[in-house]
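As given, the protein sequences belong to chains A and B, one line each in that order. In this text, residue positions in the first sequence follow UniProt numbering: the first is 1, and each later residue adds one. In this text, residue positions in the second sequence follow UniProt numbering: the first is 1, and each later residue adds one.
Check each hint, because a few of them may be wrong.
Some chain A residues judged to face chain B by a derived CB distance under 8 Å, without partners named [unchecked claim]:
#1 Val6
#2 Asn7
#3 Thr26
#4 Glu32
#5 Val33
#6 Arg36
#7 Gln243
#8 Glu258
#9 Ile259
#10 Pro266
#11 Ile267
#12 Asn268
#13 Arg269
#14 Ser305
#15 Gln309
Just so you know, these hints were derived from the structure itself, not from any lab. Backbone N, C-alpha and C define an ideal beta-carbon position, used for all residues, glycine too.
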Amino acid sequence: MSELSVNHLLGIKYLKEQDINLIFETADHFKEVINRPIKKVPSLRDITIANLFFENSTRTRLSFELAEKRLSADVINFSAASSSVKKGETLIDTVNNILSMKVDMVVMRHPNPGAGVFLSKHVNASIVNAGDGAHEHPTQALLDSYSIRERLGEVKGKKVVIVGDILHSRVALSNIFALKLQGAEVKVCGPKTLIPKYIEKLGVQVETNLKKALNWCDIANMLRVQNERMEISYFPSTREYTQQFGVNKEILNSLDKEIVIMHPGPINRGVEITSDVADSDQAIILDQVQNGVAVRMAVIYLLASKIKQ
Amino acid sequence: MSQKLLLSAKEIDIILHRLACQLIESHTHFKDTVLIGIQPRGIFLANRIKEILVDDYQIKDVKLGYLDITFYRDDFRRGEKILEANKTHIDFIVEDKRIVFIDDVLYTGRSIRAALTAMQSFGRPQEIELLTLIDRRFSRHLPIQPNYRGRQVDAINQEKVKVHWDENEGEDAVYLINK
């Protein structure tokens with residue numbers, strides 16, 4: 001098998017294990033490419049990609065744009081803040097207008113869950129979901145798994161705990177799908193108010209004691225508290241959250257083993273993770289960022305190879 | 001499908017030694033020379049040439065790398081065949097070096113065109129030469145010719161030239177296959 005089973009990357013939910021393996025093998029080649037003196041290949045020089053960001057993003061947008069440019073694609077960027085969306089244009093109209101300029105692929109971040117799926121049914125282009133509300137963020141989950149594979153050899157059989165705001169996190173959901181698909185064990189840990197009901201149905205366990213969770217796991221993925229998505233108070237204070245669910249050097253030193261610390265960024269230093277942990281050798285946060293470019297190159301390359309001329 | 005033997009193991013061995021000697025003739029000590037095997041099929045030939053240079057002619061320190069050209073090909077999205085990438089492994093500097101590309105069959109020249117572009121990503125070599133075991137003449141799409149050739153073959157387009165290597169296919173042989 002050397003072709004993805006899908007024409008769009010809408011979520012990890014739609015992928016098969018072989019798809020993930022193919023993406024990782026392709027990303028290995030691109031990781032070598034982006035460490036060359038000239039970090040660019042001409043594969044996608046006849047492909048145009050639109051990055052549509054209806055929600056703020058720094059890291060993901062830059063990472064996608066860099067990945068596209070490293071593949072020699074033509075890139076157009078769009079952000080909702082400075083566009084006609086403010087004048088009342090619908091999503092399909094916005095996208096169709098952009099596609100009439102002969103765009104082959106759309107990378108989209110949108111505040112509404114399912115926006116990518118909706119778009120894929122109505123427009124004729126390959127769609128990559130760069131985050132849709134609290135639903136999925138597939139490329140983040142892929143680069144997280146890729147980073148685990150790089151650090152620990154494989155994902156299968158590893159124990160991963162996802163700590164923090166699970167309720168509002170698309171990173172958590174995509175990670176759960178990706179990790180389970182590859183045969184890892186997953187626990188989630190956080191305040192009860194930030195853990196969705198019925199999360200066990202996804203095959204994950206809930207642990208509300210951080211120390212116990214860390215002692216169990218090989219990898220801890222620390223999520224950010226998403227204050228911008230919270231309309232009500234989910235915990236009494238940031239200080240209390242940090243006391244119960246923040247990772248610091250002290251708690252890591254008290255464990256029986258050395259675990260790997262991940263964070264999808266942006267970090268709230270001193271809230272979910274202290275600076276000495278974030279900057280330590282145990283943390284692979286910056287590896288995640290570097291791998292993000294290689295993994296996104298692989299996703300875009302593999303999807304583009306399915307666009308027939 | 002029928003196939004005809006073009007070169008036997010014995011003939012291949014003689015040709016490989018001749019090619020190695022021709023390389024020595026123009027590169028002497030290989031101080032500034034590096035060999036690059038073109039993935040996927042060129043690496044077997046490149047390994048053999050290096051082996052002969054080191055074992056039979058005592059040339060030390062022959063640098064050999066592998067170059068994958070998948071992302072530089074001009075037929076991406078143009079054929080039914082999915083392009084699969086291979087490993088690139090070049091752990092030396094190519095800037096100002098004399099490079100010898102090594103591939104088993106030179107046909108349209110498009111792979112070598114891609115390899116020339118790919119090489120630019122690693123620096124600016126002093127020169128690039130080409131060594132091939134089989135040169136299918138009269139079938140070039142681009143103005144590319146080998147500097148060192150094993151055997152010239154006249155084959156029509158429906159025919160395929162397949163090189164077998166002991167370490168991969170269990171025998172050294174070159175076949176002309178009628179598709």
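Hint check:
1. Val6: violated (15 Å)
2. Asn7: violated (13 Å)
3. Thr26: Hint holds; Thr26 (chain A) Cβ to chain B Cβ min 7 Å, cut 8 Å.
4. Glu32: holds (6 Å)
5. Val33: holds (7 Å)
6. Arg36: holds (5 Å)
7. Gln243: violated (49 Å)
8. Glu258: violated (31 Å)
9. Ile259: violated (31 Å)
10. Pro266: Interface hint status for Pro266 (chain A): violated (32 Å vs cutoff 8 Å).
11. Ile267: At 33 Å from the nearest chain B Cβ, Ile267 (chain A) fails the 8 Å test, so the hint is violated.
12. Asn268: violated (38 Å)
13. Arg269: violated (37 Å)
14. Ser305: Holds: closest Cβ of chain B sits about 6 Å from Ser305 (chain A), inside 8 Å.
15. Gln309: With Cβ-Cβ at 6 Å, under 8 Å, it holds.
Comparing the model with each earlier hint shows violations of hints 1, 2, 7, 8, 9, 10, 11, 12 and 13; every other hint is respected.
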